[in-house]
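Residue numbers (this note's numbering), protein chains in the order written: chain A, 1 to 298; chain B, 1 to 298.
Because the hints were derived from the structure by calculation, they are not lab data.
Just to be clear, a hint being listed does not mean it is correct.
Since the list gives no way to pick one copy over another, a pair counts as held whenever it fits inside one copy or between any two copies.
What the hints assert, rightly or not - Heads up, simulated DSS-like pairs for lysine-lysine below, C-alpha to C-alpha not over 30 Å straight-line:
id, residue 1, residue 2
1, 91, 168
2, 47, 118
3, 118, 150
4, 201, 168
Number of protein chains: 2
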Amino acid sequence: MSADALAGLIAQTRNPSVIGLDPRPEYMPPGLITAPTLAAAASAFLKFNKAIIDATHDIVPAVKLQCACYEALGPPGARALRGSILHARAKGMYVIADGKRGDIGSSAELYSKAFLGKTEILGERLEAYPAHALTVNPYLGSDNLDEFLKDCAEYGKMAFVLVKTSNKSSSEVQELPAGDRPLYRVIADQVDRAGARLVGKCGYSSAGIVAGATQPRFIKELRSLHPRLFFLVPGYGAQGGAAKGAAEAFDRKGGGAIVASSREIICAWQKLGTGDFAQAAREAALRMRNELRMAVCI
Amino acid sequence: MSADALAGLIAQTRNPSVIGLDPRPEYMPPGLITAPTLAAAASAFLKFNKAIIDATHDIVPAVKLQCACYEALGPPGARALRGSILHARAKGMYVIADGKRGDIGSSAELYSKAFLGKTEILGERLEAYPAHALTVNPYLGSDNLDEFLKDCAEYGKMAFVLVKTSNKSSSEVQELPAGDRPLYRVIADQVDRAGARLVGKCGYSSAGIVAGATQPRFIKELRSLHPRLFFLVPGYGAQGGAAKGAAEAFDRKGGGAIVASSREIICAWQKLGTGDFAQAAREAALRMRNELRMAVCI
């Protein structure tokens, strides 16, 4: 689904937020992992995700899956990733694979096929991890990015390119002076230009950017410079970003951004001391929605 | 295995080369994929890789697996990746996972566990994709890199950080002026500093860099500036890098680098018009070894 589809789901739920389905063994309620194996942990991850999707799909438009969580479980983790993607799709949610992938063109093409497009085997076109969007790392330049944007155009998908990430050390590379502007600004310009042909009816391009909620002043600057770019804003909640900071990512009509929170939602059961993790997640997701509705004109 | 282990295997085989096990459906000999499914393709990939490993492990010290090739096949691809890693290890080869992973610290930690370290489930420490080394993307800064280097120290593994890649558009970001030096030089400095504590008996650090064979002048410059960094040099053969260019990555003693070739070796059977792809790969690997022996004092 393109930027139009994502904007539509956000409007429908009046909720510009995305739940980070980033499970870790220590986030699982007691008893959900039944044996000390990768397969048992992966099976718990899938059950956990499905329950959270079932408990939130009517109020939250999207999920974001951090690929590292699943890769740490080996092949069973890959099955849990695919199963979670399929379940979220079946429930009508927008699915963002947070892989931060990037490679030389011919390999980027395969990553794009894996998450956005299709892999052809003996004439059949098959889907590996059929997300609606993928996060992309810009370090390899346009022959990397173009592969993803090609599939965005063909299949109506989105790519969110890392511009200014939410981690502490993001300044070490992303804020380096690259000519007359810092590097993250150069990257945002590259994405804006490359995505110009992918602007939808909603006014946003299917080539978006990642700009962390922990960095409000950068978000504000980027928003004013790039009215067509859709912003994926991670780091809300547990990473320290608050609604006011994240609100900088939205335009005057309250559009053009989606804010991600993971631990605050999927681990809400731990704070409440309850075993009903899905209900706790729903309540935390409602809180986040209400905070965002207060901070953003939506 | 650390830089010392890799240097030892290179010395033992007198061959500083690594075979890129980067299978694609169109690289498979006729009949090897038995059905139009992801599982059948993955099963073919694993058979293909095992046969090439069996035919070359006595003359080639290492394999490099491009993760995108496997991810494009979904969960069955993940099984083929893991199976290929385990088979290469069992045959005594050094295994480099070419994932170009990078994320905020807490997620980078999981990628590192997936490929270099161990994932703990109910007290058991388990291996997901147990490679000896992983390629790493530098865009997120030191809290990303540090997670990988921590596992390099703990488990005797290596991380190769993208500095100057072999693709055409690598200049668009990597050659941007970042203060008084181009960006790739800043990244190389960061890796050199971060890896100082991981220098082994061989004189090289377990924090290495990726510098493409298609870029000899950059390789030469980086080699002279960073005597302790181990270079992973992709792009030999099919991507246009030749032995003379790749030779710039080696120091005067013929050490400190390993050169990767994929298509020239794993697709050698296509040029020869033979079905014996493993024997064709062995012959191509011997040619590459001999070219490198001519160009490098080893």
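Hints versus structure:
Taking the shortest alpha-carbon separations for residue 91 and residue 168, neither the intra-copy value of 35 Å nor the inter-copy value of 41 Å comes in at or below 30 Å. With identical chains, the CA atoms of residue 47 and residue 118 are at most 30 Å apart both within one copy (26 Å) and between copies (23 Å). Taking the shortest Cα distances, residue 118 and residue 150 sit within 30 Å of each other inside one copy (12 Å), while across copies they are farther apart (36 Å). Neither within a single protomer nor between protomers do residue 201 and residue 168 lie at most 30 Å apart by alpha-carbon distance, with minima of 36 Å and 33 Å respectively.
The structure shown violates the earlier hints numbered 1 and 4.
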